[in-house]
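Peer 1: Residues per chain, in single letters:
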Amino acid sequence: MCSMTAEQTPLKTTPLTQAHEAAGAKLVEFAGWQMPLQFSKVKLEHLATRQAAGLFDISHMGLLHLSVKAGHGTGFEANQQTVLAALDGLVGQNLQKLHPGKAVYTHLLNAQGGIIDDIIIYALPDGTHLGALHEVLLICNASRREAVLDWLAQQLPQRQATVQWRHVNDTLSLLALQGPRFTEVLTAVGLHDTGRLPKRFYCAPLQLGDIEVLATRTGYTGEDGVELLVRHQDVLPLWQTLIEQGAPLGLLPVGLAARDSLRTEAAYPLYGAELNENLTPLEAGLGWSVKLDKPEPFVGQAALQAQKTGGMARHLICLEMTVKAIPRPHDAIEDETGRSLGEVTSGCFSPSLDKPIAMGYINGPAPLTLGTAVAVVCRGKAQPARVVQRPFYGGPS
Amino acid sequence: MAKAEDYGIPEGTKFLDTHEYILFDEDSEVALVGISHYAAEQLGDIVYVELPDVGEQFEQGDTFGTIESVKAASDLYMPVSGTITAVNHILEEEPELVNDSCYTDGWMLEITVNKAKQLDDLMDGEGYIEYVEKAAV
Chain E
50 MCSMTAEQTP LKTTPLTQAH EAAGAKLVEF AGWQMPLQFS KVKLEHLATR QAAGLFDISH
110 MGLLHLSVKA GHGTGFEANQ QTVLAALDGL VGQNLQKLHP GKAVYTHLLN AQGGIIDDII
170 IYALPDGTHL GALHEVLLIC NASRREAVLD WLAQQLPQRQ ATVQWRHVND TLSLLALQGP
230 RFTEVLTAVG LHDTGRLPKR FYCAPLQLGD IEVLATRTGY TGEDGVELLV RHQDVLPLWQ
290 TLIEQGAPLG LLPVGLAARD SLRTEAAYPL YGAELNENLT PLEAGLGWSV KLDKPEPFVG
350 QAALQAQKTG GMARHLICLE MTVKAIPRPH DAIEDETGRS LGEVTSGCFS PSLDKPIAMG
410 YINGPAPLTL GTAVAVVCRG KAQPARVVQR PFYGGPS
Chain U
1210 MAKAEDYGIP EGTKFLDTHE YILFDEDSEV ALVGISHYAA EQLGDIVYVE LPDVGEQFEQ
1270 GDTFGTIESV KAASDLYMPV SGTITAVNHI LEEEPELVND SCYTDGWMLE ITVNKAKQLD
1330 DLMDGEGYIE YVEKAAV
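Here the protein sequences come in this chain order: E and U.
Using my numbering, read the first sequence as starting at 50 and increasing by one per residue.
Using my numbering, read the second sequence as starting at 1210 and increasing by one per residue.
Hints listed in this document are in silico derivations from the structure and should not be mistaken for laboratory results.
One thing to keep in mind: the hints can contain errors.
As a list, the in silico DSS-like pairs of lysine-lysine whose alpha-carbon atoms are at most 25 Å apart [what the hints assert, rightly or not]:
hint	chain 1	residue 1	chain 2	residue 2
1	U	LYS1280	E	LYS92
2	E	LYS430	U	LYS1280
3	E	LYS373	U	LYS1280
4	U	LYS1343	U	LYS1280
5	E	LYS430	E	LYS404
6	U	LYS1280	E	LYS404
7	E	LYS90	U	LYS1280
8	E	LYS92	E	LYS404
9	E	LYS373	E	LYS92
10	E	LYS146	E	LYS340
11	E	LYS404	E	LYS90
12	E	LYS75	U	LYS1280
13	E	LYS61	U	LYS1280
14	E	LYS151	E	LYS248
15	E	LYS75	U	LYS1343
16	E	LYS118	E	LYS151
17	E	LYS118	E	LYS146
The following residues of chain E were derived to be distant from chain U, with all beta-carbon distances above 12 Å [what the hints assert, rightly or not]:
hint	residue
18	ASN190
19	GLY334
20	ALA362
These numbers come from a predicted model, not from an experiment.
The C-beta atom is built at its ideal place from N, Cα and C for all residues, glycine as well.
Could you put the whole structure together from the sequences, leaning on the hints where they help?
Peer 2: Right, here's the structure in full:
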């Protein structure tokens, strides 16, 4: 069976790592961080998030704050527009549509339209938040933070020399509270007026008891919920009170393992699996997030336009297994005659559907029709599967 | 040295180096087969166990099934040659029993042992603990 290898370099920890360890969580290395894989049972954590609420420590996510250099500012809204205008040429979404409090999911693209990272850009509400944030926040994958910083350093100065950026992971933590009972949990920890909660893909400062947070109505589980930015010194009491007050409502702390099965059910892509620098958002089925007709030209636009008109070499599809074998990344996808079609990128046993599911890329100009019977070669054996609608769980993505 | 009982290993249990165990009852010549607690811990939460049919025969070292956890899949190997007399169908609904109680409710196979002498090739509980402790270093 498998063996674990020891880590060579010291891992980064979050302000909660010790508490996770003390709570008996199984910790693993993820993108250079020591993170909880699971606190109890992966399936229980997954289902708690679907049925009640799940609490995640995602402080490893790259938190980048972008602003206008001192001495160049001309007021909050103008500064925010300056930063957004500089970023607008690097992403597929139209950042001119953002306004204070609004966020958007998008991609940093290279000239070939390949994905440097999938990110969320937040046009922050007016004011200074958590002593560190105003103007624009960019959240990227932990595994891509260096690549994102390199790309910004290469691209931004030539676009807008007055924009500066720094990562704020040394002062701020990020929690995710997800699931149908998240509002009740927030009320239980001291949110007085649920009317202050931001709408989907908006962010707003909130007071939870005596703790100040910046709440964003975003997440990566397929459930409604919030992500909470909080100062390092406040994150342990906040985590503890959320666990204590949330427990009677069915809340569980959730680790990376269930985070992965939750995002897979929601058919959300994972960088390194469904996304990389050689794959485009169109191939990944994320065409909705690319506005080819937006006013500002952007890096990768020509390549994506060519792909849209000329056709794509591959397509991301969703598969449901008709047997219990679980597809794993790089398992071959074949047609019924054994001809190779492509490869699995993510697979898991879906606790919500009680069957194995997978995503993968199919080579060729046309996607497969829903319901098409295929096979996934799991550990040398072709196992039957069929093409299903995206996402596996929840509404349209 | 660590005692096998401290690890919840029933007396008389023998192990393969691939972490399958066999608990042989000399009177009935029937044995239970499963995987060790250490192996279950290494695999993480188990979500599926594929087991053979009753009546199938296997030689020592043959693959008799597959175990899938949230993070990996692994083949299961026969500790000795034998014929399947029962499989633990409860694992189809509750595979997590392998994590919770691998030596009791989480058993996988009941077999009749064809060559009892093969049991001598296997590690006993204390030998197995020493083996996994070495592997962990």
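Peer 1: For each hint, tell me whether it holds in the structure or not.
Peer 2: Going down the list of hints, with the structure as the test:
1. For the proposed pair LYS1280 (chain U) and LYS92 (chain E), the alpha carbon gap of about 13 Å is at most 25 Å, so the pair holds.
2. A threshold of 25 Å between alpha carbons decides the hint, and for LYS430 (chain E) with LYS1280 (chain U) the separation of about 19 Å falls inside it, so the pair holds.
3. For the proposed pair LYS373 (chain E) and LYS1280 (chain U), the alpha carbon gap of about 15 Å is at most 25 Å, so the pair holds.
4. Note on LYS1343 (chain U) and LYS1280 (chain U): the hinted pairing holds, with a Cα-Cα distance of about 24 Å set against a maximum of 25 Å.
5. With a C-alpha separation of about 18 Å, the suggested pair LYS430 (chain E) and LYS404 (chain E) falls inside the 25 Å cut-off, and the hint holds.
6. Proximity of LYS1280 (chain U) to LYS404 (chain E) is assessed by CA-CA distance (about 15 Å); at most 25 Å being required, the pair is judged to hold.
7. Straight-line distance between C-alpha atoms of LYS90 (chain E) and LYS1280 (chain U) comes to about 13 Å, which keeps the hinted pair within the 25 Å bound.
8. About 13 Å separates the Cα atoms of LYS92 (chain E) and LYS404 (chain E), which keeps this hinted pair within 25 Å; it holds.
9. A hinted pair counts as satisfied when its Cα atoms are at most 25 Å apart, and LYS373 (chain E) with LYS92 (chain E) qualifies at roughly 16 Å.
10. For the given pair, LYS146 (chain E) sits about 11 Å from LYS340 (chain E) by alpha-carbon distance, which is consistent with the 25 Å threshold.
11. The hinted pair formed by LYS404 (chain E) and LYS90 (chain E) meets the criterion: a straight-line CA distance of about 17 Å does not exceed 25 Å.
12. Between LYS75 (chain E) and LYS1280 (chain U), the direct Cα distance comes to roughly 13 Å. Compliance with the 25 Å bound is thereby established for this hinted pair.
13. Straight-line distance between C-alpha atoms of LYS61 (chain E) and LYS1280 (chain U) comes to about 23 Å, which keeps the hinted pair within the 25 Å bound.
14. In summary, the hint linking LYS151 (chain E) to LYS248 (chain E) is supported, as the alpha carbons are separated by about 9 Å, within the 25 Å threshold.
15. The straight-line distance between the Cα atoms of LYS75 (chain E) and LYS1343 (chain U) is roughly 21 Å, inside the 25 Å bound, and the hint therefore holds.
16. Distance restraint check for LYS118 (chain E) and LYS151 (chain E): the Cα-Cα separation of roughly 22 Å lies within the 25 Å cut-off, and the hinted pair is therefore satisfied.
17. Our distance criterion of 25 Å between C-alpha atoms is met by LYS118 (chain E) and LYS146 (chain E), whose separation comes to about 23 Å.
18. Non-interface call for ASN190 (chain E) relative to chain U: holds, since the shortest CB-CB distance, roughly 20 Å, exceeds 12 Å.
19. Even its closest Cβ contact with chain U, about 25 Å, leaves GLY334 (chain E) beyond 12 Å, as expected for a residue assigned away from the interface.
20. Consistency note on ALA362 (chain E): stated as away from chain U, and its beta-carbon is indeed over 12 Å from all of that chain's, at 30 Å minimum.
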